[in-house]
Amino acid sequence: MFYTLREAIRNLRRTPLLTGLSASMIGLALFVVGLFALAAYNLQLALETLEERVEVVAYLRDNAGSYEIAAMTDALTNLPEVLSIDFVTKSEALLKARRELPEFRDILTDLEVNPLPASLEIQLRPGSRTRETVDRLARQAEAFPIVEDVQYGQEWVDKLFTLRRMGGVTTTVLGTAFAVVAALIIGTAVRIAIFARREEIKVMQLVGARDEFIRQPFLIEGVVTGALGGLLAVAMTYLTFRSVLQYLFTISWIPTQWAGIGVLAGVVFGLIASNLSVRKHLREI
Amino acid sequence: MIKLIEVTKTYSRPEPALENISFHLERGQFCFLTGHSGSGKSTALRLAHMVERPSAGEVRVSGFSSARTSRREVWKLRRRVGFVFQDFRLLPGRTALENVAFALEVTGTARKDIAPRAQRLLGQVGLAPKASAAVHELSGGEQQRVAIARALASEPLLLLADEPTGNLDDRATRGIMKLFWEINALGMAVLMATHDLELVRQYPKARVLELDQGRLVYDSADSAGAGEGSEG
Chain G
1 MFYTLREAIR NLRRTPLLTG LSASMIGLAL FVVGLFALAA YNLQLALETL EERVEVVAYL
61 RDNAGSYEIA AMTDALTNLP EVLSIDFVTK SEALLKARRE LPEFRDILTD LEVNPLPASL
121 EIQLRPGSRT RETVDRLARQ AEAFPIVEDV QYGQEWVDKL FTLRRMGGVT TTVLGTAFAV
181 VAALIIGTAV RIAIFARREE IKVMQLVGAR DEFIRQPFLI EGVVTGALGG LLAVAMTYLT
241 FRSVLQYLFT ISWIPTQWAG IGVLAGVVFG LIASNLSVRK HLREI
Chain A
286 MIKLIEVTKT YSRPEPALEN ISFHLERGQF CFLTGHSGSG KSTALRLAHM VERPSAGEVR
346 VSGFSSARTS RREVWKLRRR VGFVFQDFRL LPGRTALENV AFALEVTGTA RKDIAPRAQR
406 LLGQVGLAPK ASAAVHELSG GEQQRVAIAR ALASEPLLLL ADEPTGNLDD RATRGIMKLF
466 WEINALGMAV LMATHDLELV RQYPKARVLE LDQGRLVYDS ADSAGAGEGS EG
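First to last, the sequence lines map onto chains G and A.
Going by our numbering, the residue at position 49 of the first sequence is 49; the numbering climbs one at a time, nothing skipped.
One rule links them: number in our numbering = place in the second sequence (from 1) + 285.
Next comes chain A alone, as it looks inside the complex (with noise of 0.2 Å):
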């Protein structure tokens, strides 16, 4: 599903903000990317969508390669990966269902087909009966919720997931992770970056990806205890 060889990223700075990582995520997997702010989880993701590019080393993701998908191939690969970002990245002055139709439509599904699947993907996230009220009407949680609907329209294998719930209270986070859970339950494969490890903590099942200052330092899948997803 996600493969990183020997993957380095390195900006401007003399550091690299990866460095020479390598993971491979299989189908179906709920995996969580934990560390520090700064220690390379959202360019792991942003990798993994294609929006960056590796400085060494190759990703791939659900059969398309960085070293040999174009700029202007890359939107066959998002139309296979769902994205949620942590600020929900929205569009403003349009409503729930518009966001998740808006997805649908530029993605090429039929024009009869659209208003309906939005729906039901609203009604997949619990969020149906406010399919017609403004974005800006909507909580943190409501908002979360759209976007993870926009996120599937494609119907996607992976959902990658850059702090989800860092911008949410309690009781919404909880609703978010039980909708995750729920997704991967469905088959899809989760990648979630989080800085949280006490979010991490409760969900034992889950695999566990730690990065430090751009090194991977921890993988539950290698260690003795890899099915309770313990955190080092």
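Chain G with its partners taken away, still in its complex shape (with noise of 0.2 Å):
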């Protein structure tokens, strides 16, 4: 082992311009990844906070009784899937549509009856703003007979889950691709390193060193060039996610587990490129 470590090290020192240059390579490979991963958070992020204003709002009869709503509000906050509801009285509603609708205001306020329901806005909980919970949180709150009428913003609803669907086709066909091309880069640059080297690997064989003796050390130079690389890759991806904050749009930073897998994939990827350069080179003789 300290054979092992002290080799890897010594000839990482050796030859700084080659580490240097693979690093380099895994390390754009990896900010490529890094920049898609921060505009696909992002995203996230943004379907997220339009899947919070889903909501499902059941219009009550004008001679729903007191009792009535508070036993339809029990029922419905028992269900899983609910967050919290809102009673809205036909006051409130008249208040609010005053205040959203101001075109309407003067008509709003000459009425001499109140046209506008009392409601329960039911919020859903994360995890169940699907299509499917949606419906049928629907269907059940019309089941209610004091209910006159339940929306959701059908249509709106429609198109958020379209975009979420396509937004995660999008992520993971675009990210694999991406997460191919950045493996494949990484191992023609682990493999160029390797090659320089290859008449080391053939001397050390010729002497009498077992493959594992020889291996070792490579392994050892491939998790430390790919995890310098995977580091780079994160502080490029910061320093780009810093300037566009500065001068461009508010976004957020990505997960730090994130960036760790990042520098993990640089470390995992530097190693299994090692392994089978190595092992092809071993078996040349």
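To be clear, the hints were calculated from the coordinates, so they are not data collected in a lab.
Don't be surprised by glycine CBs; every beta carbon is placed ideally from N, CA and C.
Treat the hints with care, since some could be wrong.
[Stated by the list, open to error] Cut-off 27 Å, straight-line C-alpha distance, at most; resulting in silico cross-link-like pairs (DSS-like, lysine-lysine):
| id | chain 1 | residue 1 | chain 2 | residue 2 |
| --- | --- | --- | --- | --- |
| 1 | A | K490 | G | K202 |
| 2 | A | K490 | A | K288 |
| 3 | G | K280 | A | K463 |
| 4 | G | K159 | G | K96 |
| 5 | A | K490 | A | K463 |
| 6 | G | K202 | A | K288 |
| 7 | A | K415 | A | K397 |
| 8 | G | K202 | G | K280 |
| 9 | G | K96 | A | K288 |
| 10 | A | K463 | A | K415 |
[Stated by the list, open to error] Covered stretches of chain A (chain G as the covering partner; in silico rule of three or more C-beta atoms under 8 Å from a C-beta of chain G):
| id | region |
| --- | --- |
| 11 | 378 to 391 |
| 12 | 433 to 446 |
With the hints as a guide, bring the two chains together.
In structure tokens:
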């Protein structure tokens, strides 16, 4: 183990240019993935913000009694997908309409009878804001006799869920493509570095070194180069994030685990690529 | 020490690189393997070092058979057989001492013994004063001495040398040959491939094997004047 570590450090120091170039290639490859992760994460946040607005509104008949309303509220509150229920009285609805629809303020002010119904605004828990849940909840609410009508902005909800599906598919496809390209670039970078030292591998074999003995320092070098590349990618992604935040618009930094996964990806790809490449050269003689 | 039994080696070309070769090199023998370029000398050495395997026949070296030694076990053979190349094959960016120490290190020598043994090996090949010189600072002859010291690191009983003087001038060649004979005098068998017949003639005590187009056409051990080692 001592030999392995010392030899790996010695080789990295002996070829700083090659190590730097390999780490930079890995860094750039993962930087592209990092940028994509930044964009995907912020898209996800934006969609979540939109989803928070998904609610089911049950408009109540004018003759609904307070006991019936309380019973309905209790029944719906017990459903696992329901986060909270707000009861909006007829007068509150009118005030809200006056506030939100200023162009109709005069009409709404001169009314002798309040035409707006009372309603229950049902908010859903995060994770339950799916098309199916919203549909089911709407049907359940509609079944109460005191309910006149149920609305949840079907068209808007449909568009939102379509957008989310598209976002999900695009993220998966593009993310996979970027990751594959990054893996190929990392593989190539590591292979170039090892190819430059194929004679060394042969000499080690010819003097009687065991395969494991030859391979281990290369694996450690692959891990170190991959980690350096991963850290470089995180640093470049962070700089981009700071620049966008400062000069363009507000975005959020990716979760720390994502950055950790980026560095880990560099390490794993570096390890796999060095292992494959050294094995190939070991088999040459 | 080395026994080739009806060995044939074929590559992609239809004509074999070696065809039905048999010979036996005894312990402590000094043997030249001669022939023109492309006659199969290097192939024979590569077979003896199990870098290649025969297409037919069997190669036995120091108790290892090409038929039974797996690729994963071949390192055991390599520790019993030293190999010297025409182009030295030293590790660049390392000193003479590091190149020799490296061979000791990878073959499992105790750490405290590595430096003194490497130093002693360099002394044996007359390079003790240049131990700390980087290999690219050394002359061709000196680099070859480092390569020989490295080949001796595992105290092999057999030394294979592929045109070891091919890149050297006359003076360096004489020095290297003297060193080979000294090593041979210690009991190590030497099988040296060379196309330089002038060189071979200077050492009449050595056994000579001559290859031509992959066939063994002459073995001084079979001829009447075997002891004088004249070539055909």
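For each hint, the structure was consulted:
About 34 Å separates the Cα atoms of K490/A and K202/G, which puts this hinted pair outside 27 Å; it is violated. The suggested pairing of K490/A with K288/A holds, with an alpha-carbon distance near 21 Å, which does not exceed 27 Å. With a C-alpha separation of about 39 Å, the suggested pair K280/G and K463/A falls outside the 27 Å cut-off, and the hint is violated. Distance restraint check for K159/G and K96/G: the Cα-Cα separation of roughly 26 Å lies within the 27 Å cut-off, and the hinted pair is therefore satisfied.
Our distance criterion of 27 Å between C-alpha atoms is met by K490/A and K463/A, whose separation comes to about 13 Å. Under the criterion of a C-alpha separation no larger than 27 Å, the hint pairing K202/G with K288/A is consistent with the structure, at around 25 Å. The straight-line distance between the Cα atoms of K415/A and K397/A is roughly 21 Å, inside the 27 Å bound, and the hint therefore holds. Straight-line distance between C-alpha atoms of K202/G and K280/G comes to about 12 Å, which keeps the hinted pair within the 27 Å bound.
A threshold of 27 Å between alpha carbons decides the hint, and for K96/G with K288/A the separation of about 102 Å lies outside it, so the pair is violated. The hinted pair formed by K463/A and K415/A meets the criterion: a straight-line CA distance of about 19 Å does not exceed 27 Å. Check result for the region 378 to 391 of chain A against chain G: holds, 5 residues qualifying (beta carbon to beta carbon below 8 Å, three or more required). Residue count for the region 433 to 446 of chain A with a Cβ under 8 Å from a Cβ of chain G: 4. That meets the three needed, and the coverage hint holds.
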